[in-house]
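Chemist: Each chain, written out:
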Amino acid sequence: MIYWNSLGDFLAMGGYGHYVWGSFGLTALIMAIEPVVVARHQRATILRLKRQMRAESRTESPTRSPAEQRNTAA
Amino acid sequence: MFRIITAVIGRDLRLAMRRQADIVSALFFFVIVVSLFPLGIGPEPDLLRKLAPGVLWVAALLATMLSLPRLFADDHRDGTLEQLALAPHPLGLVVTGKVIAHWLVSGLPLALVAPVLGIQFDLSADALLVLTGAILLGTPALSGIGAIGAALTLGLRGGGVLVSLLVLPLYIPVLIFGAGAVDATVTGLGGEGHLSLLAAITFASVGFAPWASAAALKIALE
Amino acid sequence: MKDRFNLYRFASPATFYPLAGKMIPWFVALAVVFGLAGLYLGMLVAPTDFQQGEGYRIIFIHVPASWMSMFIYLVMAFWAAIGLAFNTRLSGMMAQALAPTGALMAFLSLWTGALWGKPMWGTWWVWDARLTSELILLFLYIGYMALTAAIDDQRRADKAGGLLLLVGVVNIPIIYFSVKWWNTLHQGSSVNLTKSSMAETMLWGMLLMALCFWMYSIAVALMRARTIMLERERHTDWAKALLAGEGA
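Protein chains in written order, with the working numbering: chain A, 1 to 74; chain B, 1 to 222; chain C, 1 to 248.
For reference, chain A alone in the conformation it holds in the complex:
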């Protein structure tokens, strides 16, 4: 079923090892890094928005009820 005889053969890729693994390696690297970057950006955005929201609610008058706030936000 498996085409290769040994791990060495597999890694050598019939002499094309550099090209094949260079392609697969960079693709794997990009596909590993891109989601991490996006996820980190999302976490950072959520944290920043939370800070902003807390700062805004502190400056707002505390007498307003949550229902009122919801109405004005919409």
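Wrong hints could be hidden among the right ones.
Result set (SDA-like, lysine to any residue): computed pairs, CA atoms no more than 25 Å apart in a straight line [unchecked claim]:
| hint | chain 1 | residue 1 | chain 2 | residue 2 |
| --- | --- | --- | --- | --- |
| 1 | C | K240 | A | A39 |
| 2 | C | K118 | A | D9 |
| 3 | A | K50 | A | P35 |
Facing chain A, according to a computed beta carbon distance under 10 Å, are these residues of chain C, among others [to be verified]:
| hint | residue |
| --- | --- |
| 4 | L44 |
| 5 | G55 |
| 6 | I58 |
| 7 | I61 |
| 8 | M120 |
| 9 | V220 |
| 10 | R234 |
Computed far set for chain C versus chain B, every beta-carbon distance over 12 Å [claimed, not checked]:
| hint | residue |
| --- | --- |
| 11 | Y17 |
| 12 | F78 |
| 13 | T123 |
| 14 | H235 |
Keep in mind that the hints were calculated from the coordinates and are not lab data. In this text the structure is predicted, and so the values were computed from the model without any measurement. All residues carry an ideal CB built from backbone N, CA and C; glycine is no exception.
Go by the hints and put chains B and C onto chain A.
Modeler: Below, chains B and C alone, put in the same frame as chain A:
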């Protein structure tokens, strides 16, 4: 319909005449860029003859792009553009007029200077004729497509660089057929096929691009 | 679910945000499953190609990356058309979320194409019609991202970007055919990329890899779309409730 277009052309030309320095500097930019290439490559006539179509065309693309950010910016600053957008006649016609005016002050001068520069590259008389014809035919498309880029980037910081990022990839067909026509003449294949395709691209882009630019202007003015 | 199926309901960020959050793990799982199956078939089972040797295995990622780079641009143009026609908020966000992944796919396609070309053609880069068009596609992605990044007003960014995408999509066939024509004129013996009859395992491997790339792109684009959505909708109720709820 033609009254609107001619009125816009007349107005833009009058405004351009008050700022002749802009036209002249774009023209000299073209001349200088083209003249720099032999200094970088070497004076062998065979090599220069092969490079001439590409060099002249790339320089023409860059030279027409220099004046693009100004296409709508002045009218935008003094509020004329908003007036025009609110006027009853379609904005696309106004933009058509502006595109034609832009070509008259940026594309047409290039076509007039190009043969002189072609001589520097040792082009034959036939090739010079085709070069002038190709630039005459192709530059209206550059003004048309460029207007879309200018409208999209209206009022943005760093608009000039942005226009080139947006517009240069779209200029590629014009470059290919424009330089191809001259190249085909140099190698004796005849450039008629290229020239007719170039004409088709020009008609399509001068016909459609102003309407896309008008849509982009409305987005920018909202 | 009691309420009728309503497209506008799903197109509203308040519904879409949690829905996308639930969908992402599934797309990730599908990408991993398809990817493992495709790699197994393509790298371990598929026999060698008698013309290209083992170097042909690069196409298992080169072809999917090229397909995705073109497909993503079309999807972005589709969202742009919807956004300009119906003025939906979601479409601009989706187009912007897709763009970086599309650009990366175009880049990967060029990179793997170069690594495939070096042993096969003896050079990293040829001005082949496909490679050149792929490069121009990358430029179009960069132009779109530069334009949307330069506009502060999000509504204008969406609309201007959408218009640029539509102009680009009209131009892509013209650019492709002009480059192709230019290529045949300038290259005496043009390189032939057409693949001789592929073994069935190779074809399956490639299709599975293409599915993997597709699912991956959807997952990353949804993640990015969620961030964009939250950022833009930060003053709305649902975003505030969500930010308040999600642990301090």
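Chemist: With reference to the structure, classify each hint as holding or not holding.
Modeler: Right, here's what the structure says about each hint:
For the hint pairing C:K240 with A:A39, the CA-to-CA distance comes to about 20 Å; that is within 25 Å, so the pair holds. Pair hint C:K118 plus A:D9 holds up; C-alpha atoms about 21 Å apart against a cutoff of 25 Å. Taking the CA atoms of A:K50 and A:P35, the gap is near 22 Å; set against the 25 Å cutoff, the hint holds. Annotation: C:L44 was flagged as interfacial toward chain A, and the flag holds, the nearest CB pair being 5 Å apart, inside 10 Å.
At its closest, the beta carbon of C:G55 sits 4 Å from a beta carbon of chain A; the interface hint therefore holds under the 10 Å criterion. Against a cut-off of 10 Å between C-beta atoms, the interface hint on C:I58 holds, since the closest Cβ of chain A lies about 5 Å away. With 10 Å as the threshold, the beta carbon of C:I61 comes within range of chain A, its nearest partner Cβ sitting at about 5 Å, so the hint holds. For C:M120, the interface hint holds, since its Cβ comes within 10 Å of a Cβ in chain A; the closest pair sits about 9 Å apart.
For C:V220, the shortest C-beta to C-beta distance to chain A is roughly 6 Å, which falls under 10 Å, so the interface hint holds. With a cut of 10 Å, the hint placing C:R234 at the interface with chain A holds, because the nearest CB-to-CB distance is about 5 Å. The beta carbon of C:Y17 is kept farther than 12 Å from every beta carbon of chain B, the shortest such distance being approximately 26 Å. Against chain B, the non-interface label of C:F78 holds: every CB pair exceeds 12 Å, the least being about 18 Å.
At the 12 Å boundary, the C-beta of C:T123 stays outside the reach of chain B, the nearest C-beta of that chain being 21 Å off. The beta carbon of C:H235 sits about 20 Å from the closest Cβ of chain B, which is more than 12 Å, so the claim that it is off the interface holds.
In this structure, none of the earlier numbered hints is contradicted; all agree with it.
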